[in-house]
Amino acid sequence: MSRAPRRPSLVRRLVWLAAGWSVAALLVTGVLLTTAFHQASLRRFDLGLADLNQGLLSGSMVSADGQVQAPQLTDSRALRAYSGRYWQIAEHAPGGRMRVLVRSRSLFDQDLAITREALTQVAATPGAPASYDVIGPLSQPLRAMAMQVTLPGRRAPVIMMAAEDRSPIDRESERFAFLTAAALVILGAGILAAVMIQVRVGLRPLFDLRREISEVRKGKTERVAGTYPVELEPLATELNALVTHNQEVVERQRTHVGNLAHALKTPLSVMLTEASQRPGPLSEVVTHQAELMRGQVDHHLRRARAAARSQSLGERTLVDPVLDELASTLERIFLPKAVEIDWRAPEDLCFRGERQDLLELAGNVIENAGQWCKGKVRVTAASVDGERFTLRVEDDGPGLPPERRGEVLKRGARLDESAPGSGLGLAIVDELARAYGGALALSDSPMGGLRVELTLPRAES
Amino acid sequence: MRILLVEDDPDLSRQLKQALSDAGYAVDHAADGEEAHYLGDAEPYDAIVLDLGLPKMDGATVLEKWRRDNVGTPVLILTARGAWSDKVAGFDAGADDYLTKPFHTEELLARLRALLRRSAGHASPNLEIGALRLDPRAARASIDGEPLRLTSLEYRLLHYLMMHEGRVISRTELVEHLYDQDFDRDSNTIEVFIGRLRKKIGPDRIETARGLGYRLVALPGEVAAS
Chain A
13 MSRAPRRPSL VRRLVWLAAG WSVAALLVTG VLLTTAFHQA SLRRFDLGLA
63 DLNQGLLSGS MVSADGQVQA PQLTDSRALR AYSGRYWQIA EHAPGGRMRV
113 LVRSRSLFDQ DLAITREALT QVAATPGAPA SYDVIGPLSQ PLRAMAMQVT
163 LPGRRAPVIM MAAEDRSPID RESERFAFLT AAALVILGAG ILAAVMIQVR
213 VGLRPLFDLR REISEVRKGK TERVAGTYPV ELEPLATELN ALVTHNQEVV
263 ERQRTHVGNL AHALKTPLSV MLTEASQRPG PLSEVVTHQA ELMRGQVDHH
313 LRRARAAARS QSLGERTLVD PVLDELASTL ERIFLPKAVE IDWRAPEDLC
363 FRGERQDLLE LAGNVIENAG QWCKGKVRVT AASVDGERFT LRVEDDGPGL
413 PPERRGEVLK RGARLDESAP GSGLGLAIVD ELARAYGGAL ALSDSPMGGL
463 RVELTLPRAE S
Chain B
138 MRILLVEDDP DLSRQLKQAL SDAGYAVDHA ADGEEAHYLG DAEPYDAIVL
188 DLGLPKMDGA TVLEKWRRDN VGTPVLILTA RGAWSDKVAG FDAGADDYLT
238 KPFHTEELLA RLRALLRRSA GHASPNLEIG ALRLDPRAAR ASIDGEPLRL
288 TSLEYRLLHY LMMHEGRVIS RTELVEHLYD QDFDRDSNTI EVFIGRLRKK
338 IGPDRIETAR GLGYRLVALP GEVAAS
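If you read the protein sequences in the order shown, they are chains A and B. Each residue of the first sequence is one higher than the one before, counting from 13 in this note's numbering. Each residue of the second sequence is one higher than the one before, counting from 138 in this note's numbering.
Everything labelled a hint here was simulated from the structure, so no lab data went into it.
Some chain A residues near chain B, calculated using beta-carbon distances under 8 Å: (1) 277; (2) 289; (3) 343; (4) 345; (5) 348; (6) 353; (7) 372.
Because the structure is a prediction, the values reported are computed rather than measured. Positions of the beta carbon are idealized from the N, C-alpha and C atoms, including for glycine.
So here's chain A without its partners, still in its complex pose (with noise of 0.2 Å):
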């Protein structure tokens, strides 16, 4: 399998920004700063070599047969064997090579070497010095520094050298090396977690929106309330903007459809009635014909109602009121019946959806209710939990046997066909609520009737 690409994240590319910059510019800082440090001491150090030529110079002699003195030096770790600080006077020989003259007791039985390079260079510009670096007697690494003069009294130049252990310095360059590094890390650790408390800070406006977005999109709320700053501001008004156009092309759907049903319905009042004064074999051809029409009309109707539900955004209907309504506009309906409507829902339970959705689910449960009952229904609204309620129609007619339960719900189907009215009651009601990704439930009430329990969404008061 192969991996899903990374998509591109404001957060990310801020950061790696950032990043980046503040890493590149540690580094160069770091590198300089130990470069810096390092090449001052080994000027320092070179001031001490030089020191050392310089007593060379001035302390050495020739003899009158050209032999070259040693200079008395005090220095006592010039006479410890080996103890890091060395002198030597030397003389060019044949070959690129030199032989020694005179050099300290420091180096005991050893010679102080010279590069090729160093010796060529000391050649070539008598009284400047040169320095290199060589590896001494046990293996010390020296820095040496090398000078050729010409001594009064000798024909021959010589050449100065001196030398000094150089470990102390390098261990020093590498302690100032190793705690810019620990500092720099710090630093830039540092900045990385300001810049990403910076991103986040600065983009919480952005993450606020989308919570917004997302509640409306629940129906937690109806439109982008917050404040936003200028950058986003035109953002949240354009989406408003847009919340409110999809209402209105519901809300303008919706009445399209109502004016095409209102259209064709009154014709086919006029071709009902119409047959029905005629009878005969045309005028029941008309009747089934017409009667087949309404049905279309009204599955269309539906439908187109369906359509224009997906699209709308962010509504939510107080329960409460819409059961008031309902019940007292049914009780008007089954009137010569007598039938009483008890209902009961908390006052402030929210339906995550559109009124006239909420009105035809519980109209048509609470309307085959009245059909059935002897006299009386009970609706129960409650909630479930933050995301559920449900919504329970119970009457005290015959019921329902559980084998006949199931035909009730198949699109189409009436169990009282003579019942007026739209009359396709619970299958309508049951497609509505899976469209709302809700269930439609049936069982028997303690009422002696029906039980029909609809699941909702709900939405957050």
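Go by the hints and put chain B onto chain A.
Here is chain B on its own, set in the frame of chain A:
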């Protein structure tokens, strides 16, 4: 029996007029909202069949105007709009019954007969307490002339309280008159219904006598007026 038929479609009007005449009613016909409003106000009809989609003034507005003018004639609404929101709006406007197009003529006639029978039923006097008015014949209540939307249980409770105006009525007594004895009664039922009534008629019209029960009263300003 005299019926006002309000319908703008000429074919449907002709058919319905014919069917109603055949059934023995005297029928007047109005083809637009303004004419209907005038006729309904002026003539003593026994019932009105009203289409909602009308030219000049829509049916719901006509109905609301009649009810505001205290025209109590039973009205059967005839409409293509069968959604529950439309039905609720129709009954809120003051309709007595509602028939969705397309319909069978027999069904219309049956509904009309039931409507006429109901309105001809036992007449009992209207109850009036301040701005609150209850018409037992139509099972309607209104406040300041605005119709109240009540369920039958709320209506029954209000009726009982109004019949015993000024008297404190205990919860037990109210429950007994609200429900048949075979129905389960939980203790806070009455509070629920008193709460809903207060929302609809105003909180001060029903007083709570702590530990005793409830009492319906007129508001202070209204006592002097009546």
